[in-house]
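Q: Letter by letter, the chains look like this.
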Amino acid sequence: MAVKLQNDSQCLTLLPMNERLKLSELNGLVKKAVSESFTAPIWVIAEISELKTNRSGHCYLVLIEKDPNGDTVVAQARATIWSYTFRMLKPYFETTTGQQLIEGLKVLVSVSVEFHELYGYSLNIRDIDPTYTLGDMARRRIEIIARLKADGVADMNKELELPLVPQKIAVISSPTAAGYQDFVDQLVKNQQGFKFHLKLFPAIMQGNQAETSIIGALEQIYLYEDFFDAVVIIRGGGSQADLSCFDNYNLAYFITQFPLPVITGIGHEKDDSIVDLVAHTRLKTPTAVAEFLIGVAANFEVKLDGLKDGFMNGVDERLSEASKNIDQLARVLTPLTREKLAKKRGQLNPMVWKIDNSVKRYIKLRNIQLERKEEFIRHDFLFFLQRRFRHLEKISRQLTGSLLKVNVTKFEQLERKWQRTEKLARKKTSESRHYLDLSFQVAMLTDPYKILARGYSITTFGGHALKNIENIDINAVIHTRLSKGSLISEVKIINLEN
Amino acid sequence: MGKKNLSYKEAITEIEEILGQLENNELDVDELSEKVKRVSVLVTLCKEKLHNTEQEIDKILKEMDNN
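Sequences listed follow chains A and B, in order. Count the first sequence with the numbering used here and you get residues 1 to 498, in order. Count the second sequence with the numbering used here and you get residues 499 to 565, in order.
Everything hinted at is true.
Here are the simulated lysine to aspartate or glutamate pairs, EDC-like style, with alpha carbons at most 16 Å apart:
#	chain 1	residue 1	chain 2	residue 2
1	A	K168	B	E561
2	B	K533	A	E317
3	A	K484	A	D447
Listed next, the stretches of chain A that the computed footprint assigns to chain B, with coverage defined by at least 3 CB atoms under 8 Å from CB atoms of chain B:
#	segment
4	160-172
5	195-202
6	307-313
Read the hints as simulated data drawn from the structure, not as lab findings. In this text the structure is predicted, and so the values were computed from the model without any measurement. Virtual Cβ for every residue (Gly too), placed ideally from N, Cα, C.
Kindly generate the complete structure, drawing on both the sequences and the hints.
A: Structure below.
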């Protein structure tokens with residue numbers, strides 16, 4: 001090659017110094033020189049920096065080389081894979097590596113160096129050696145794993161305790177992935193009816209943006225660290241290949257430091273990714289994760305039921321044991337009790353007889369005492385009555401005596417009164433008689449007939465003695481009584497005499 | 499008595515403890531009824547938690563959506 005190049009350069013230097021070329025002529029010369037220098041394809045190691053395919057199936061790439069630190073790009077070239085080649089190379093590469101042919105990969109490709117007057121320098125890829133990429137990835141993986149181990153963090157997430165039944169699940173997935181929907185359906189509609197609370201934290205799950213996107217989702221979940229039981233990272237439905245983003249140191253490191261257990265189901269059939277390696281629980285697919293979660297809950301329920309049954313059986317056993325013991329005791333006790341009872345009864349009989357007798361005796365005694373008391377009381381009462389009676393008699397006699405005394409006194413008083421009255425009456429009578437004699441003598445002196453005989457007369461009018469002139473009128477008929485007869489006369493004149 | 503917030507672990511631990519006492523004949527027959535009640539409460543709490551929606555959790559999840 002070197003010889004050839006030298007030949008070509010010799011050829012170029014042969015051009016006259018002052019000749020002016022058109023750009024196309026110059027480019028034509030370069031193209032000629034290049035094609036003459038690189039007659040056969042060359043194996044070249046490069047990193048894919050850009051990769052896209054157009055509609056006709058051609059693949060356009062940018063290949064680069066970085067310095068050993070990976071910081072600076074030290075070489076770059078455009079590259080193409082024509083569609084008929086790409087159609088074969090792509091599946092070959094991906095089935096061999098389990099890795100999509102994407103940006104960021106280091107590849108060993110067979111290229112023909114080309115120069116086009118209009119488009120310039122480019123490499124046409126004819127072949128690819130996937131084992132180089134595999135080796136490179138493996139080396140990188142080994143490096144990352146070694147670094148994580150050196151950091152002492154590789155097993156930190158595994159050391160977290162998964163709750164007995166993780167039910168509050170933070171899910172990191174692409175919301176549009178079929179795998180995500182299947183996962184949700186599977187958990188929500190699980191046959192045992194376990195309740196799962198799912199919350200999606202959307203992220204880009206492939207390519208170079210995956211790292212920051214997934215870390216961003218984890219940071220969101222971290223805000224609810226106390227709420228969630230576990231984080232599930234799932235990926236499914238898309239390409240089986242592009243998993244290099246899960247062989248990422250930063251993402252892996254972030255997971256090791258995460259306070260919640262991380263369960264992965266990122267659809268990796270072959271080797272585990274580094275994220276899988278550091279995750280608490282590594283499962284192949286979203287479906288497997290769902291099954292795992294349901295299984296954990298089911299196991300718990302089985303354990304719970306088992307404990308409960310075990311307990312209840314134990315309780316039954318204890319109870320039947322206890323009741324057996326009681327039966328046994330009862331069996332022993334019954335004859336024993338009977339014996340004791342008989343013995344006691346034997347002791348009781350004379351006692352009963354004794355009690356009976358003494359009770360009777362006691363009653364009799366009391367009866368006698370009562371009778372005696374009764375007699376005493378009766379006697380006392382009679383005595384009392386007699387005394388009262390005598391007392392009453394005495395009172396009665398006293399009363400009669402004083403009554404008689406009162407009467408005698410009264411009688412004597414009456415008698416005295418009577419004698420006094422009689423004396424008084426006699427005196428009054430003699431006095432009255434004397435008075436009568438005297439009055440008779442007086443009356444004898446005032447006898448009207450004698451008075452008439454002495455010349456006086458009595459005039460009457462209407463039967464009444466006429467003592468006064470005022471009660472008489474002219475022509476009134478008046479009677480005049482005289483000694484030895486009377487006159488009837490009419491009043492003719494009335495002389496008032498004063 | 500257990501609250502709603504009793505964790506599965508606490509529940510299982512307590513049931514295992516009671517079962518252990520039973521198996522080691524540390525339980526008096528008179529205590530059995532009380533322990534049976536307790537175990538049944540714990541089992542029921544776990545079953546409810548396994549199968550039923552907890553409103554509080556739904557509330558928190560809804561709040562997350564609003565943030």
